[in-house]
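Asks: Each chain, written out:
4 protein chains.
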Amino acid sequence: MVISFKNDAPIEQVEELVENLRRYCSNVQVVKGEEISLICLVGETIHIDENMINVYPWINSVARVSTPYKLVSREFKKEDTVINVKGVSIGGEKITIFAGPCAVESREQILSICSSLKLAGFDCLRGGAFKMRTSPYSFQGLGYEALKYLKEASEEYLVPIVCEIVSVNDIDEYASKCDIIQVGARNMQNFDLLKALGKVNKPILLKRGMAASIEELLMAAEYIVSNGNPNVILCERGIKTFEKSTRNTLDLSAIPVLKKLTHLPVIVDPSHATGKKEYVLPMSLASIAAGADGLLLEVHNNPITAKSDASQALTIDDYIDLRERLALVAKAVGRKL
Amino acid sequence: MVISFKNDAPIEQVEELVENLRRYCSNVQVVKGEEISLICLVGETIHIDENMINVYPWINSVARVSTPYKLVSREFKKEDTVINVKGVSIGGEKITIFAGPCAVESREQILSICSSLKLAGFDCLRGGAFKMRTSPYSFQGLGYEALKYLKEASEEYLVPIVCEIVSVNDIDEYASKCDIIQVGARNMQNFDLLKALGKVNKPILLKRGMAASIEELLMAAEYIVSNGNPNVILCERGIKTFEKSTRNTLDLSAIPVLKKLTHLPVIVDPSHATGKKEYVLPMSLASIAAGADGLLLEVHNNPITAKSDASQALTIDDYIDLRERLALVAKAVGRKL
Amino acid sequence: MVISFKNDAPIEQVEELVENLRRYCSNVQVVKGEEISLICLVGETIHIDENMINVYPWINSVARVSTPYKLVSREFKKEDTVINVKGVSIGGEKITIFAGPCAVESREQILSICSSLKLAGFDCLRGGAFKMRTSPYSFQGLGYEALKYLKEASEEYLVPIVCEIVSVNDIDEYASKCDIIQVGARNMQNFDLLKALGKVNKPILLKRGMAASIEELLMAAEYIVSNGNPNVILCERGIKTFEKSTRNTLDLSAIPVLKKLTHLPVIVDPSHATGKKEYVLPMSLASIAAGADGLLLEVHNNPITAKSDASQALTIDDYIDLRERLALVAKAVGRKL
Amino acid sequence: MVISFKNDAPIEQVEELVENLRRYCSNVQVVKGEEISLICLVGETIHIDENMINVYPWINSVARVSTPYKLVSREFKKEDTVINVKGVSIGGEKITIFAGPCAVESREQILSICSSLKLAGFDCLRGGAFKMRTSPYSFQGLGYEALKYLKEASEEYLVPIVCEIVSVNDIDEYASKCDIIQVGARNMQNFDLLKALGKVNKPILLKRGMAASIEELLMAAEYIVSNGNPNVILCERGIKTFEKSTRNTLDLSAIPVLKKLTHLPVIVDPSHATGKKEYVLPMSLASIAAGADGLLLEVHNNPITAKSDASQALTIDDYIDLRERLALVAKAVGRKL
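Protein chains in written order, with the numbering used here: chain A, 746 to 1082; chain B, 746 to 1082; chain C, 746 to 1082; chain D, 746 to 1082.
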């Protein structure tokens, strides 16, 4: 951490600050300049809050030179974290495919889609129970019933399931029914939920918020990991920008950036990011080429009757085609489906 | 709502869609063109989900011509909503000042700040109990203890209090202790929380999410109002942009836009938006000049020892100065403090 | 400037870099840490290019602690720059109003608008000659003819004129006809043009680019000033964000930020920023309350027949009303029209 | 185009508008609703300026249903445009690699890099002559001398060259020396330059502006094409967002979006977008997987001594490695190097 300050700062206040900082970090040095000077801290500074320093009117700027997170950082743990769920691994050589409908609409629907996906080949079934919808007048999901049907599909087709949690009160229910618990983009900084999920013995699929920087995503993961749960899967799903031809702007550079900064697995959701089915194939191929460990895909047996986000859902035939092409790209970058 | 489609669309599917749309809206007309045609719906379309239409591959685009919200819209209710809390009105001629520290740090601190503010003049005491902090290693607030101290200050100084809720499980506690319940920017689309707050008999101060469009803010308010609670105060507090010289970019145009679209009161939080105390004064004056109904300000008796966001807190002296200047600008635009 | 690097960096390369940096800045110190170390430069670093440092693979990060511009900075010149043009001052106590149509459409139109504005009171006539239009099929302006009519209006009504230049080849023509030369947002980083304008003896009104940070705006101004022309007026006119209810997002916080960083005058264009006439009044009042030195307003005698951007143009009556209200807000913040 | 208006609009004004619109588009229909009504135009509407309609106070909204550009649209020309330059094709099955240093620094440098690239395999030499630098104090390029050296390299190694133009006055010089003329991101809406390049008989490589929507990029291309030059290569190079871990956010979804909307070739510049050499490989692979027709890469023989943007330049060895991997991904998506 480097703090720059104007040389006309009151000496006793500067000394007070330096003293204070020494409590957090033993290596604190002052570099004097003609007009401005610097306080340099090298060492662990994650417990120091910039806002506590900025309060002095004579402070010019405060900049971190090391990351504000620790447990999720690549420096803390060099080798990739590989998460295993019922025989499915996430973060290793294999590309992991999470597929299924946006929302569970009925027992028949989810069993039928799961059966088709099983035949086509996939790794983990996804399906929404409680939907996060911008409008209170949109379909909100089947709720606990959906969890029951997902569980049934999981048992019948021997495939793990992932489902998005929207209330901290549902943690027990989700922990007992799901293999992986998803935190949606809108809840990425619902710290109350994150802390509680840190105490659960299930992997967490954490989606990047639409306005969250990569650093904020890693800080959200740090909330979960520092509360005791080391199994976090990060998911890029598009950020808000001025561009309107896709629902959000898929930030694929986030993949190599995350791979450099953290040991956690990184997957991509091209369905929600683009909002249009026709862009899902190219962005899936691009994600894998960029180094993603997996994909979260919306697949529906009959998109025209789907109750939510139908315009972004692949049909089973689309999925089979995508899977074939994906296998070729995966191989080209030394991975496999 | 206007749906454009290519003329080579299968006629039976177009008819199916038109039929379907007629269930929601009686006035559906088709306008034929040479290459593309339009389906026009005029009337209430809030129950129609665009994604359900976009699913057909022959659809070009779907655009709303009326708002996707209803109860919060200016069309639904022409006159301004004025909320009254313990003798304080929000949304009328008077500018309402919500002031206090970012976080309640001790009983002495909050009583002392409240006493100073009372002397200087203000309308509602703010103070954080459970803090939403990006880092798990930052000070997280005193929790329920903070609520107790706020309540004590409220009773001693006869001033209503507002406090941010972070867990749906705390609703009863907040409803019994606070006069206004605040929803923070990171929870603006925590729909689970919004629905629950729709059933509470306390006004809600709803902050705009950092990536939320004005329309999404109004949809979040619609969640609360459509669940039974008509008393929502909207708060602009900055959005995420590429500009880094302020923490967020305060979108003051949102004030006249919201005033046009909704009857709900609109206030501004210049402290969190800018992140720097020195910009709070000019942005407070600008907010009132732009038509805001109130301000949410961070004021601390000793910012240097503050435990969170100290760099943006005004001292009591700053506040007294701001209040004087604010009175002049308020008067210039036909309002008063 | 602070450069952080990993301790496993090759010593001779670090020494080479330090040696190199000493050529630019005499005060270079190395602060050793356990895992990373810092190279600190305090002094003038504007001639150092970060990209030249980042090239070493062992560099962690490079951060400036002083500004990358010099001549336009408040540190270089403490007192406000006040520009005088034919008796009109920009940057002093008085608020300067630049008003006129988006485009000059005919001799009669510009003379008629100028006459009405003169009666209502204003400081400088604006009007477009060559229009920057997104579509090649939109009205592109009257060109040199427009300059001639503006000049005529200027002489008849004794008011200075400002006009946007779009080609470096037109500099002589503009310098001979206009009192102030405007650089549009899309040309803010047309460095070829900026350098040439640095050699002109007329003030430059420099608009902030829609994707330009405040720092980039100041660097663009530095191009002009370092080439010899000290008279630059900065203009905030909205930045690109995800919000769509206004054409761009007017960044009013930029006013106090710029006032802190630079001595140059700062004005605001609420017409282009919001794109809607109804938001021009509140954003004009807010701009002045926030500390702007002036406004650039679109005013048209008959917006319904206007050939460009008519939806954002005030009528003369709107302008008279705005001017009255503006006078009150200006007075409230210690300024005057 | 669909115009919605309030039913209390003055009938004669509505009729005037409808009359007016019929001059541009024969198929104009009015759809009446209870509170609002619609004016629907189906047909060519590119000559209609929305701002001309928005001027009426009773207008609710104006939305286009067809694109505001024509010549560059996929509807106007179904088959892909393939551009041929000295035996190199851009836009066909083959992936086109444009490589070279950010700036030409000396005769020796450019000849040496070109020789190495020729050996490794590439299609077109790039190198900057006049550099667009944010700071006036940064290296600005060798200017015309650079063009001479590029031309020499082109002749010696029989490879076409591309170079960025920064001044409209240099068109003749560029047209005589370069095979492809590049327009940089900051000049994407320098319409004066675009119009002039529409009259040149050389292909134009048009980079997307950092705040330009895909539609604005296509409108900029339409400026060139409608002025007579059909050979435009579009280049995605990152947009401005709040994310700071890469210089800009590379919008790879723009590739399939552009492929759908236009027949023009689309390439990607991962070097400028990410600003960091280590991200160039993954983003290059991702670009090709997403369907890009080529890449614009910075390659330097000695990045540590490079005079601009060295941190993003690949070494020749990096390039050889990238090329090998790229060949595999290209093959996986049915393309070839």
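Heads up, some of the hints might be wrong.
It does not matter which identical chain is used: a pair holds within one copy or between any two.
As the list claims (entries may be wrong) - Simulated pairs of lysine-lysine, DSS-like, Cα-Cα distance not exceeding 25 Å: (1) K751 with K839; (2) K831 with K989; (3) K1021 with K922; (4) K922 with K777; (5) K751 with K815; (6) K1081 with K989; (7) K822 with K922; (8) K944 with K839; (9) K1005 with K777; (10) K751 with K893; (11) K839 with K1076.
No wet-lab data here; the hints were simulated from the structure.
Just so you know, these numbers come straight off a predicted model, no measurement behind them.
Asks: State for each hint whether it applies.
Replies: To see whether the hints hold, each was checked on the structure:
no. : hint            : in the structure
1   : K751 with K839  : neither (54 Å within a copy, 32 Å between copies)
2   : K831 with K989  : neither (40 Å within a copy, 37 Å between copies)
3   : K1021 with K922 : neither (30 Å within a copy, 43 Å between copies)
4   : K922 with K777  : neither (60 Å within a copy, 51 Å between copies)
5   : K751 with K815  : between (31 Å within a copy, 17 Å between copies)
6   : K1081 with K989 : neither (34 Å within a copy, 32 Å between copies)
7   : K822 with K922  : neither (31 Å within a copy, 45 Å between copies)
8   : K944 with K839  : neither (28 Å within a copy, 48 Å between copies)
9   : K1005 with K777 : between (34 Å within a copy, 24 Å between copies)
10  : K751 with K893  : neither (63 Å within a copy, 41 Å between copies)
11  : K839 with K1076 : both (10 Å within a copy, 21 Å between copies)
Checked against the numbered hints above, the structure violates hints 1, 2, 3, 4, 6, 7, 8, 10; every other hint is satisfied.
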